[in-house]
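Here are the chains, one letter per residue:
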Amino acid sequence: MPETIDDAILKLEGIGKRFPGVVALKDVSMEIGRGKGHILLGENGAGKSTLINLLGGVFKPDDGRILFDGKAYHPSSPLEAFKAGIRVIHQELHPLSNLSVAENLLFEHLPRRYGLVNYKQMNARAAELLAEVGLNVAPTTLASSLSVAQLQLLEIAKALSNESKLLVLDEPTATLTSKEVDRLFGILKRLKARGVTTLYISHRLEEIFEVGDDVTILRDGQHVITRPLEGLGIPKIVELMVGRELAQHDAFRGDSTISGEALGVSGLKVTSHSPDLSFSVAKGEIVGIAGLVGSGRTEAVRAIFGADAKAEGEIRIDGKPVEIASPKDAVTAGLCLATEDRKIQGLMLDMSCAQNTTITDLARVSRNGLILRKMEDDSSRQLVRELRIKTPSVHQAVRTFSGGNQQKVVIAKWLFRGPKVLIFDEPTRGIDVGAKAEIYELLWKFAAEGKGVLVVSSDLPELMSICHRIIVFSDGKIAGEIAREKFDESRILSLAYKEYSRVRQH
Amino acid sequence: MSGNIEKMTEAKAPSVWDKLIRISMKEAGVTIALVLILIFFSLTAPYFATPENFLKIFVQIAINTVLAAGMTFVILTGGIDLSVGSLLALCTVIGATIMIDPRLSPWQAIVLASIASMGAGAVLGAINGWICEKWKLPSFIVTLGMLNVASGLARVVSDNSTITGLPQPFVDFGNLIFWGVLPSIFLIAIVVVLIGWFVLRYTVFGRFVFAIGTNEEAVRLSGHEPKKYKIAVFTISGLTAGIAAMVYLLRLNVGSPVAGIGYELNAIAAVIIGGTSLSGGKGSIVGTLVGACILQVLSTGLQLLGADDNIKPIVIGAVIVLAVILDSYRGRLMRILESR
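As they're listed, the protein sequences go chains P and L. If you use our numbering, the first sequence closes out at 506, no skipped numbers anywhere. If you use our numbering, the second sequence closes out at 846, no skipped numbers anywhere.
No lab work stands behind these hints, which were simulated from the structure alone. All C-beta atoms, glycine included, are put in the ideal place defined by N, C-alpha and C. There's no promise every hint is true.
[Claimed, not checked] Distance ranges between label pairs, derived from CB positions:
{"no.": "1", "chain 1": "L", "residue 1": "Gly-658", "chain 2": "P", "residue 2": "Lys-179", "range": "54 to 60 Å"}
{"no.": "2", "chain 1": "P", "residue 1": "Gly-369", "chain 2": "L", "residue 2": "Leu-561", "range": "33 to 39 Å"}
{"no.": "3", "chain 1": "L", "residue 1": "Leu-832", "chain 2": "P", "residue 2": "Phe-59", "range": "34 to 40 Å"}
{"no.": "4", "chain 1": "P", "residue 1": "Ser-147", "chain 2": "L", "residue 2": "Gly-658", "range": "43 to 49 Å"}
{"no.": "5", "chain 1": "P", "residue 1": "Met-375", "chain 2": "L", "residue 2": "Ser-785", "range": "28 to 34 Å"}
{"no.": "6", "chain 1": "P", "residue 1": "His-395", "chain 2": "L", "residue 2": "Ser-785", "range": "54 to 60 Å"}
{"no.": "7", "chain 1": "L", "residue 1": "Leu-610", "chain 2": "P", "residue 2": "Gly-369", "range": "31 to 37 Å"}
{"no.": "8", "chain 1": "P", "residue 1": "Ser-259", "chain 2": "L", "residue 2": "Pro-644", "range": "33 to 39 Å"}
{"no.": "9", "chain 1": "L", "residue 1": "Leu-610", "chain 2": "P", "residue 2": "Pro-321", "range": "54 to 60 Å"}
{"no.": "10", "chain 1": "L", "residue 1": "Leu-828", "chain 2": "P", "residue 2": "Glu-449", "range": "39 to 45 Å"}
{"no.": "11", "chain 1": "P", "residue 1": "Ser-272", "chain 2": "L", "residue 2": "Gly-823", "range": "36 to 42 Å"}
{"no.": "12", "chain 1": "P", "residue 1": "Arg-399", "chain 2": "L", "residue 2": "Leu-693", "range": "23 to 29 Å"}
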């Protein structure tokens with residue numbers, strides 16, 4: 001139970017938020033003490049981002065109410081949130097890059113005279129604010145020339161410009177060097193001395209003790225605990241974050257025979273100065289890739305598939321090295337990749353189900369460059385039946401399909417090609433429970449047919465219930481590999497956090 | 507309760523009414539518009555509904571139809587080709603120069619000139635596409651550059667003068683009229699349209715043109731090289747500029763470095779009025795033919811009505827914008843229909 005805080009600046013009462021197919025927050029009540037450093041923790045998908053987006057005026061809650069500084073708070077836009085005194089600094093910063101630092105800083109309330117911008121006054125005020133956060137650039141510098149760390153300081157200065165009372169920082173240290181992190185913490189301490197409250201979200205458990213007084217933990221969209229950080233160790237925190245009963249195991253049906261290497265990766269470098277990655281997937285095996293969002297999982301599978309610039313390293317299919325410089329090479333070699341974002345990268349939404357399924361291998365349904373319509377429709381119909389895609393006709397545009405059915409079309413198009421290794425990036429994101437189960441069935445079927453299957457997912461229980469083996473990514477590196485017999489959620493999570501906790505020590 | 511979660515709609519089979527609306531929003535929609543315009547002018551404009559007038563219209567739309575057919579390929583992939591007008595000028599002077607070469611027999615000259623004209627168009631079109639893909643540049647600006655380059659080349663090749671004195675068999679063929687209303691050059695245009703229609707509808711290449719216009723990244727990640735196809739559509743557009751140049755020579759019997767000014771805009775207008783989406787992925791070459799007809803019928807009809815020459819461009823301009831407005835509603839309507 002959250003203990004009551006005498007002087008709360010922010011109170012959430014029974015907050016709920018739903019998106020199509022997902023409950024993001026459910027009956028969340030919490031309080032943040034005035035002038036405190038408050039930490040918000042939770043796994044991927046626990047509801048942290050939704051919560052800060054509610055505070056920042058990006059979404060509105062479906063249930064419950066928020067009290068800020070004693071008054072009801074329901075911003076309908078980020079500008080309103082800013083004016084009310086809450087400043088959210090998102091992970092991805094999007095400055096007005098062609099404007100100056102001063103213009104960015106005072107954009108919401110540019111000093112004016114006779115309706116024109118008073119540049120002299122603007123630059124003078126900007127210089128004061130920049131000095132306050134220790135950002136050492138001229139007010140006239142273009143925002144596009146600032147580093148990520150400098151942009152963060154700019155955002156903080158912006159919060160000061162408005163006397164913001166609550167500063168929300170979403171993973172501010174994710175892309176900073178340790179020196180920059182130290183400076184950021186110095187500034188946060190100064191702000192605290194001035195009475196500014198901060199709500200701080202981070203994956204780096206080591207650093208939260210430096211900036212936090214209290215902590216709130218969310219799990220599966222629900223509030224777990226709010227309490228002082230004091231007396232709480234990292235193992236206890238991880239336990240509270242995971243906390244759920246590990247019951248999903250029994251669904252496992254991966255009874256395929258595992259033999260020989262289907263996909264081998266040796267010394268893969270996603271970019272020229274990223275760490276080497278080496279791992280393999282056997283025939284008939286389902287291998288999961290776990291890790292935090294941004295830990296380099298998607299980048300790694302895209303590199304294997306040749307989706308971006310050519311990566312260094314060796315890739316083997318069926319034990320034979322293959323040269324992959326483009327998706328074309330990858331597909332020819334027998335690889336396929338169902339991308340993270342099926343609408344943008346996977347499907348041609350305004351084209352028919354049949355046209356989407358055959359795009360991977362039009363040679364199979366054509367002769368002398370002419371498409372054999374009947375053959376195409378029949379092949380597509382067969383896949384629609386096999387994957388139980390719900391559609392009245394294969395001529396229906398896939399835009400009209402539900403998320404689960406769209407994902408099945410993506411799987412259908414790759415089955416049509418007949419790959420040796422299937423890679424899935426977040427195959428069940430935004431899909432309802434029923435379709436999820438069907439997709440798991442398909443993965444097991446592929447494995448049973450002797451194909452290699454590699455699955456990236458942020459849903460740990462999902463990986464634990466479908467995989468033979470899990471590889472854990474942490475900060476771009478492989479932090480460990482765990483076999484099915486040894487699956488343990490807190491062990492996987494501590495591996496996922498491993499590289500992040502280490503960063504602060506050198 | 508949880509409003510959005512249960513909203514898992516299962517797509518239903520479209521009703522007859524939905525189907526009718528859907529068809530009328532494709533080529534049939536513009537065709538109906540064309541028929542209405544024809545009826546309007548037949549009733550109001552003197553001499554409009556006569557074989558002589560239709561012969562005149564057919565003569566006048568041939569060049570634009572050929573150019574617009576090639577343009578349709580480019581626009582379907584989401585690109586644009588501004589260079590076709592001046593490519594046409596360049597190809598007319600190349601073709602005419604070869605045709606008046608005294609060392610060649612008339613037939614040799616005609617065959618060679620046709621090959622050279624179409625070849626030059628295709629090569630320059632391929633260069634357009636290659637530059638766009640090699641440096642990832644928008645086709646708008648690359649073909650704008652080519653517009654100027656080709657125009658300059660046309661002046662260099664022709665020494666800045668018009669070329670006359672084409673072989674008699676060639677001139678005679680250009681003057682041929684079948685059944686009193688169908689000029690030879692219009693038949694050439696129809697053949698080009700038919701080939702284009704067939705390629706887009708029935709070939710693997712045509713499928714890729716639509717697929718790339720719909721979602722290029724999905725095509726790439728399905729293991730293909732969109733680059734190849736995008737260079738090909740610019741090559742086709744250049745090739746049709748070369749064919750259009752031969753049609754120009756058949757019709758006017760002169761090669762001129764100042765031919766084709768503004769033709770690219772008429773071609774784009776025909777494609778857009780014909781219902782092809784500027785953002786790619788949707789449209790048809792039959793629609794383009796109808797679009798070209800609408801433009802010319804409007805122009806001729808207004809003239810016969812005795813409208814001021816200055817009024818004509820105002821009306822045509824309004825029609826182009828109207829077509830695009832209707833197109834935006836069409837997209838929305840289709841989506842509403844399909845999500846029902």
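Results of checking the hints against the structure:
1. At roughly 57 Å, the beta carbons of Gly-658/L and Lys-179/P sit within the given window of 54 to 60 Å.
2. Separated by about 37 Å at the C-beta atoms, Gly-369/P and Leu-561/L satisfy the suggested range of 33 to 39 Å.
3. Take Leu-832/L and Phe-59/P: their Cβ atoms lie about 35 Å apart, and the range 34 to 40 Å holds.
4. A hinted range of 43 to 49 Å for the beta carbons of Ser-147/P and Gly-658/L is consistent with their spacing of about 46 Å.
5. A beta carbon spacing of about 31 Å between Met-375/P and Ser-785/L agrees with the range 28 to 34 Å that was offered as a hint.
6. Distance hint for His-395/P and Ser-785/L: a CB-CB separation of about 22 Å, inconsistent with the stated range 54 to 60 Å.
7. Between Leu-610/L and Gly-369/P the Cβ separation comes to about 35 Å, which falls inside the hinted range of 31 to 37 Å.
8. Ser-259/P and Pro-644/L have their C-beta atoms about 51 Å apart, which leaves the hinted 33 to 39 Å range violated.
9. Roughly 57 Å separates the CB atoms of Leu-610/L and Pro-321/P, a value that falls within the hinted 54 to 60 Å.
10. Between Leu-828/L and Glu-449/P the beta carbon distance is about 55 Å. The supplied range of 39 to 45 Å is therefore violated.
11. A beta carbon spacing of about 53 Å between Ser-272/P and Gly-823/L contradicts the range 36 to 42 Å that was offered as a hint.
12. Checked against the hint of 23 to 29 Å, the C-beta distance between Arg-399/P and Leu-693/L comes to roughly 40 Å, which is inconsistent with it.
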